[in-house]
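**Student:** The chain contents come next:
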Amino acid sequence: AQSVTQLDSQVPVFEEAPVELRCNYSSSVSVYLFWYVQYPNQGLQLLLKYLSGSTLVKGINGFEAEFNKSQTSFHLRKPSVHISDTAEYFCAVTRPTGGTSYGKLSFGQGTILTVHP
Amino acid sequence: ETGVTQTPRHLVMGMTNKKSLKCEQHLGHNAMYWYKQSAKKPLELMFVYNFKEQTENNSVPSRFSPECPNSSHLFLHLHTLQPEDSALYLCASSQGGAKNIQYFGAGTRLSVL
Chain Y
141 AQSVTQLDSQ
151 VPVFEEAPVE
161 LRCNYSSSVS
171 VYLFWYVQYP
181 NQGLQLLLKY
191 LSGSTLVKGI
201 NGFEAEFNKS
211 QTSFHLRKPS
221 VHISDTAEYF
231 CAVTRPTGGT
241 SYGKLSFGQG
251 TILTVHP
Chain B
86 ETGVTQTPRH
96 LVMGMTNKKS
106 LKCEQHLGHN
116 AMYWYKQSAK
126 KPLELMFVYN
136 FKEQTENNSV
146 PSRFSPECPN
156 SSHLFLHLHT
166 LQPEDSALYL
176 CASSQGGAKN
186 IQYFGAGTRL
196 SVL
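Protein chains in written order, with the working numbering: chain Y, 141 to 257; chain B, 86 to 198.
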């Protein structure tokens with residue numbers, strides 16, 4: 141079974157500074173990786189996904205993540221954050237499935253990003 | 086707008102009430118999920134339906150009763166809930182297959198008094 145560890149529960153940062161939210165996964169098979177963002181009183185919104193191909197994945201709102209198979213990591217980065225990026229971020233992993241079966245998502249505990257003016 | 090709509094957005098109920106949460110997806114997906122999100126706890130998968138058939142029940146108490154009449158609609162019927170059931174209930178859907186990407190609704194914030 142696969143699992144995810146988000147290494148920081150809270151990350152405070154000043155506006156316009158760069159940020160990195162860390163995510164490590166464990167799996168004995170190939171995986172798909174995701175980052176979701178949750179704004180207060182909202183559901184989870186897909187930020188970006190790694191399925192295959194280029195290890196650098198670009199998402200919405202200027203975020204990107206890099207898949208590193210040797211370090212089993214999928215860290216999320218943004219070069220310059222805004223106040224509006226304040227939210228909780230979840231890393232998730234699943235394994236590819238065949239046919240029309242579904243794959244269970246395993247979520248990390250979440251990282252609360254707080255952007256200060 | 087993710088294509089997954091949940092109603093109501095907020096619900097307050099007493100422990101003896103019966104209520105239902107509704108989820109509708111407009112994405113043509115075949116799998117639908119119920120998750121529970123409590124404060125300071127990880128996201129908990131409750132139920133999974135694939136092509137209207139329940140394929141997962143993660144030891145959820147019987148006071149939660151899911152229903153999936155078709156691949157576009159999912160309900161969660163609630164009865165005799167406890168205060169500890171207060172949480173954000175999230176619905177998600179996915180196409181299934183090799184690229185199983187889940188899309189979430191905005192959730193229903195449930196308070197049990």
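These aren't lab readings, by the way, just hints derived from the structure by calculation.
Treat the hints loosely; a few may be bogus.
[Claimed, not checked] Heads up, simulated DSSO-like pairs for lysine-lysine below, C-alpha to C-alpha not over 30 Å straight-line:
no.	chain 1	residue 1	chain 2	residue 2
1	Y	Lys-198	B	Lys-125
2	B	Lys-103	Y	Lys-189
3	B	Lys-137	B	Lys-121
4	Y	Lys-198	Y	Lys-209
5	B	Lys-104	B	Lys-121
6	B	Lys-104	Y	Lys-189
7	Y	Lys-189	B	Lys-137
8	B	Lys-126	B	Lys-103
**Student:** For which of the previously enumerated hints does the structure constitute a violation, in increasing order of number?
**Tutor:** Of the numbered hints, 2, 6 do not hold.
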